[in-house]
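Using the sequences and the hints, build the whole thing.
Going by our numbering, the first residue of the sequence shown is number 1, and it counts up by one from there.
Just so you know, the hints here were simulated from the structure itself, not pulled from any lab data. Treat the hints with care, since some could be wrong.
Said to hold, decoys possible - With a cut-off of at most 20 angstroms between alpha-carbon atoms, the simulated SDA-like pairs for lysine to any residue come out as follows: (1) Lys22 <-> Asn32; (2) Lys23 <-> Ile54; (3) Lys126 <-> Pro101; (4) Lys49 <-> Ile66; (5) Lys127 <-> Ile206; (6) Lys126 <-> Gly138; (7) Lys217 <-> Leu105; (8) Lys53 <-> Leu20; (9) Lys86 <-> Leu105; (10) Lys221 <-> Leu237; (11) Lys221 <-> Arg205; (12) Lys57 <-> Ala29; (13) Lys221 <-> Gly138; (14) Lys190 <-> Tyr142; (15) Lys72 <-> Lys224; (16) Lys61 <-> Pro48; (17) Lys31 <-> Thr113; (18) Lys72 <-> Gly42; (19) Lys124 <-> Tyr141; (20) Lys126 <-> Leu147; (21) Lys72 <-> Asp46; (22) Lys190 <-> Leu171; (23) Lys127 <-> Lys86; (24) Lys235 <-> Ile223; (25) Lys23 <-> Arg64; (26) Lys61 <-> Asn30; (27) Lys31 <-> Ile55; (28) Lys49 <-> Arg67; (29) Lys26 <-> Lys56; (30) Lys190 <-> Leu233; (31) Lys124 <-> Leu97; (32) Lys49 <-> Asn30; (33) Lys224 <-> Phe135; (34) Lys31 <-> Thr62; (35) Lys56 <-> Asp46; (36) Lys124 <-> Thr194; (37) Lys53 <-> Ala25.
Stated by the list, open to error - Quick list of the computed label-pair ranges, beta carbon to beta carbon: (38) His231 <-> Gly172: 29 to 35 angstroms; (39) Gly148 <-> Glu116: 22 to 28 angstroms; (40) Gly148 <-> Asp45: 40 to 46 angstroms.
C-beta atoms are modelled at their ideal positions from N, C-alpha and C, and glycine is treated no differently.
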Amino acid sequence: MTTLSLIIPSYNEVENLMILEKKLAKVFANKNDIEIIIVDNGSQDDTPKVLEKIIKKTTLKTLRSIRVDQNKGYGFGILAGCDAAKGDLIAWTHADLQTDPADILVALDCFETAKEPLTFVKGKRKKRPLLDTFFTIGMQYYASLILGVALNDINAQPKLFSREFYNNYILGQAPHDFSLDLYALYCAQKNNYTILTIPVVFSDRIYGEAKGGGSLKTKYKLIKRTFAYIHELAKTLNRDKRG
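As structure tokens, this is what we get:
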């Protein structure tokens, strides 16, 4: 039986993958009820070759990978992994080494301790630079105001929830870009799920470039896309109400 499926999207993260596997092997040793799916999200580097080597040599019996031939967005890669998942619970985090795989076990324990299927567990980032904190707070207040629900640290990882939540609200409905985290959290809040948070620390990148944060330029792009999606989602909700 597979208790949890952990989805880890990877786009051009070839330099991080070997280190990631070592961390996963340490954290999830003997956790045979947790499957780990690394999604090669249309990478244009040597990710396919490196993942093939990793899967052959890893001590993790439940580690596997799938490939998306063409990158269609951060969310698309995660959703591809979710579609392949077998677990009763589903979680996702990042492959860039900024998130600690051990956070998944903390989130899982939090979910199981709650003993309530209508539970959504997410990270809440601590010890962040002042500028990053400013951006996050501004985004969460703006999204909360426009969408009419309280949202907190939207892009913090991990996210963990039941398969029922995925089937009811994510499958075939969620956006394919960086707005996926916003959409998932909105759905949980709107449908009266209990939102539980665990403290997490986002480390600095060792290798590669941030896809949705990092520099001011990438932060601006992420914020612009997110604000656009907030209004798009609000319009959809208003149409549904009128309909």
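When you check the alpha-carbon spacing of Lys23 and Arg64, does it fall within 20 angstroms?
-> Status holds; Cα separation ~15 angstroms.
Is it true that Gly148 and Asp45 lie within 40 to 46 angstroms of each other by Cβ?
-> Holds, at about 42 angstroms.
Has the given pair, Lys49 with Ile66, been kept, meaning a C-alpha gap of at most 20 angstroms?
-> The hint holds at about 12 angstroms.
Holds or violated: Lys26 with Lys56, Cα cutoff 20 angstroms?
-> 17 angstroms, holds
Pairwise hint evaluation, Thr113 against Lys31, where the allowed Cα distance is 20 angstroms at most = Distance of about 18 angstroms is within 20 angstroms: holds.
CB-CB spacing for Glu116 and Gly148 relative to the 22 to 28 angstroms hint | 24 angstroms, holds
Is the straight-line distance between the alpha-carbon of Lys23 and that of Ile54 20 angstroms or less?
-> 13 angstroms, holds
Keeping to a limit of 20 angstroms between CA atoms, is the pair of Lys126 and Pro101 held or broken?
-> Holds, at about 16 angstroms.
Take the C-alpha atoms of Lys72 and Gly42, compute the straight-line distance between them, and say whether it is at most 20 angstroms.
-> Distance of about 8 angstroms is within 20 angstroms: holds.
Is it true that the CA of Lys190 sits at most 20 angstroms from the CA of Leu233?
-> 13 angstroms, holds
Sort out whether Leu237 lies within 20 angstroms of Lys221, counting only the CA atoms.
-> Given pair Lys221, Leu237 is violated - Cα atoms ~24 angstroms apart, limit 20 angstroms.
Given the hint that Lys57 pairs with Ala29, test it: the Cα-Cα distance must not exceed 20 angstroms.
-> Measuring from Cα to Cα gives roughly 14 angstroms; hence the hint holds.
The structure is inconsistent with the numbered hints 7, 10, 20, 23, 32, 38, although it conforms to all the rest.
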